[in-house]
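Colleague: Take the sequences, apply the hints, and build the full model.
As you go down the protein sequences, you meet chains U and W in turn.
First residue of the first sequence? That's 1 in my numbering, and the numbers climb one at a time after it.
First residue of the second sequence? That's 1 in my numbering, and the numbers climb one at a time after it.
Please note: incorrect hints may appear among the correct ones.
Keeping only pairs whose Cα atoms sit at most 25 Å apart, straight-line, the calculated SDA-like set for lysine to any residue is [as the list claims (entries may be wrong)]:
(1) Lys12/U - Lys68/U
(2) Lys80/W - Asp118/U
(3) Lys87/W - Glu17/W
(4) Lys7/U - Val121/U
(5) Lys68/U - Asn85/U
(6) Lys12/U - Asp62/W
(7) Lys68/U - Thr18/W
(8) Lys87/W - Glu29/W
(9) Lys7/U - His11/W
(10) Lys12/U - Ile87/U
(11) Lys12/U - Asn51/W
(12) Lys89/U - Met78/W
Restraint-style ranges between C-beta atoms, simulated for each label pair [stated by the list, open to error]:
(13) Asp21/W - Leu103/U: 36 to 46 Å
(14) Arg51/U - Ser59/W: 19 to 29 Å
(15) Lys95/U - Ser59/W: 36 to 46 Å
(16) Lys10/W - Leu135/U: 24 to 34 Å
(17) Gln40/U - Glu17/W: 23 to 33 Å
(18) Gln122/U - Glu17/W: 32 to 42 Å
(19) Arg92/U - His35/W: 37 to 47 Å
(20) Ser47/U - Thr56/W: 15 to 25 Å
(21) Val68/W - Val41/U: 16 to 26 Å
(22) Gln136/U - His35/W: 26 to 36 Å
(23) Ser133/U - Glu75/W: 26 to 36 Å
Simulated from the structure, these hints should not be mistaken for lab results.
The beta-carbon is built from N, C-alpha and C at its ideal position, and this holds for glycine as well.
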Amino acid sequence: MNQPISKLEVMKRCIHSDFEMDQAILRFLTHYTIYSLANQVRGLPMSSFPRILISLSTIQKYHYEKIKLYQALSLGNLRLFVSSNLIEKLDRIEKEVNDIVRLMEALNYDPLVRRHLDDLVQNVQYKIRLYQSMLQSPAKPWISPIIRCSSKGSF
Amino acid sequence: MSMPEIPKNKHRPSIEETVIDLLESIALEEISLSHLINAQAENLQAFVGENLDFPTNPSSTDILKFNVTIQRIMETIMFKELFLLRKLESVIQIGTQTDLGE
Numbered sequence: 001m002n003q004p005i006s007k008l009e010v011m012k013r014c015i016h017s018d019f020e021m022d023q024a025i026l027r028f029l030t031h032y033t034i035y036s037l038a039n040q041v042r043g044l045p046m047s048s049f050p051r052i053l054i055s056l057s058t059i060q061k062y063h064y065e066k067i068k069l070y071q072a073l074s075l076g077n078l079r080l081f082v083s084s085n086l087i088e089k090l091d092r093i094e095k096e097v098n099d100i101v102r103l104m105e106a107l108n109y110d111p112l113v114r115r116h117l118d119d120l121v122q123n124v125q126y127k128i129r130l131y132q133s134m135l136q137s138p139a140k141p142w143i144s145p146i147i148r149c150s151s152k153g154s155f
Numbered sequence: 001m002s003m004p005e006i007p008k009n010k011h012r013p014s015i016e017e018t019v020i021d022l023l024e025s026i027a028l029e030e031i032s033l034s035h036l037i038n039a040q041a042e043n044l045q046a047f048v049g050e051n052l053d054f055p056t057n058p059s060s061t062d063i064l065k066f067n068v069t070i071q072r073i074m075e076t077i078m079f080k081e082l083f084l085l086r087k088l089e090s091v092i093q094i095g096t097q098t099d100l101g102e
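Modeller: This is the structure we're talking about:
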């Protein structure tokens with residue numbers, strides 16, 4: 001039987017899993033862009049690109065909501081696991097997604113695709129800002145996590 | 001007929017431990033989903049090939065089918081993410097009821 005772990009330890013694992021997902025999304029997006037461009041060269045339409053981007057962007061939105069809930073559950077102490085290193089890594093992810101956006105612009109790609117890519121970048125930015133605000137504000141003993149954090153966030 | 005009752009057992013986890021286990025299960029599911037997305041990225045890489053020459057020589061129909069498959073997998077992952085968010089909300093509710101946050 002596994003040893004029980006502490007609540008803070010489980011929060012750390014939750015943040016780690018979220019970051020793993022960010023990296024996976026970036027990797028997928030990079031390969032999907034290459035695949036999409038290779039198809040374009042063959043003259044095949046890539047009508048599925050916007051739908052794929054909607055999926056990725058929506059996953060990011062759910063993650064943003066989840067981090068707010070983790071923060072509430074850990075009574076504002078999630079900042080203990082949010083390091084400037086993590087924010088730097090997320091910044092890098094944002095820059096790489098921005099590179100993909102620029103590539104799409106250079107290729108004069110479908111404006112709809114660009115719009116969804118912008119959404120994706122924006123969702124990564126939301127998360128970076130959330131992490132930054134966690135780092136800047138001291139931990140507070142929150143009265144009720146449920147009242148402070150609802151899933152009906154800024155989306 | 002009455003509802004079955006779970007017998008008392010000294011090794012049974014407390015509510016707090018159960019909430020922690022549930023949170024851990026969310027993290028583990030999340031990592032599994034990230035592995036699935038990574039696997040799809042590798043799938044794409046293998047399909048396109050290093051020189052972007054589609055080494056398996058797929059027909060246009062094959063490529064369109066491949067698109068649909070990838071799209072469906074990503075949509076399934078997206079819905080799974082929604083369920084994980086709802087699960088987290090429920091776990092927090094249980095945690096609050098049992099004063100886990102205190």
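Colleague: All hints are to be evaluated individually against the structure, with a verdict given for each.
Modeller: Now for the hints, and whether the structure bears them out:
| no. | hint | in the structure |
| --- | --- | --- |
| 1 | Lys12/U - Lys68/U | holds, 14 Å |
| 2 | Lys80/W - Asp118/U | holds, 23 Å |
| 3 | Lys87/W - Glu17/W | holds, 16 Å |
| 4 | Lys7/U - Val121/U | violated, 31 Å |
| 5 | Lys68/U - Asn85/U | holds, 19 Å |
| 6 | Lys12/U - Asp62/W | violated, 42 Å |
| 7 | Lys68/U - Thr18/W | holds, 21 Å |
| 8 | Lys87/W - Glu29/W | holds, 11 Å |
| 9 | Lys7/U - His11/W | holds, 19 Å |
| 10 | Lys12/U - Ile87/U | holds, 15 Å |
| 11 | Lys12/U - Asn51/W | violated, 40 Å |
| 12 | Lys89/U - Met78/W | holds, 23 Å |
| 13 | Asp21/W - Leu103/U: 36 to 46 Å | holds, 44 Å |
| 14 | Arg51/U - Ser59/W: 19 to 29 Å | holds, 22 Å |
| 15 | Lys95/U - Ser59/W: 36 to 46 Å | holds, 37 Å |
| 16 | Lys10/W - Leu135/U: 24 to 34 Å | violated, 43 Å |
| 17 | Gln40/U - Glu17/W: 23 to 33 Å | violated, 53 Å |
| 18 | Gln122/U - Glu17/W: 32 to 42 Å | holds, 39 Å |
| 19 | Arg92/U - His35/W: 37 to 47 Å | violated, 21 Å |
| 20 | Ser47/U - Thr56/W: 15 to 25 Å | holds, 22 Å |
| 21 | Val68/W - Val41/U: 16 to 26 Å | holds, 20 Å |
| 22 | Gln136/U - His35/W: 26 to 36 Å | holds, 33 Å |
| 23 | Ser133/U - Glu75/W: 26 to 36 Å | holds, 32 Å |
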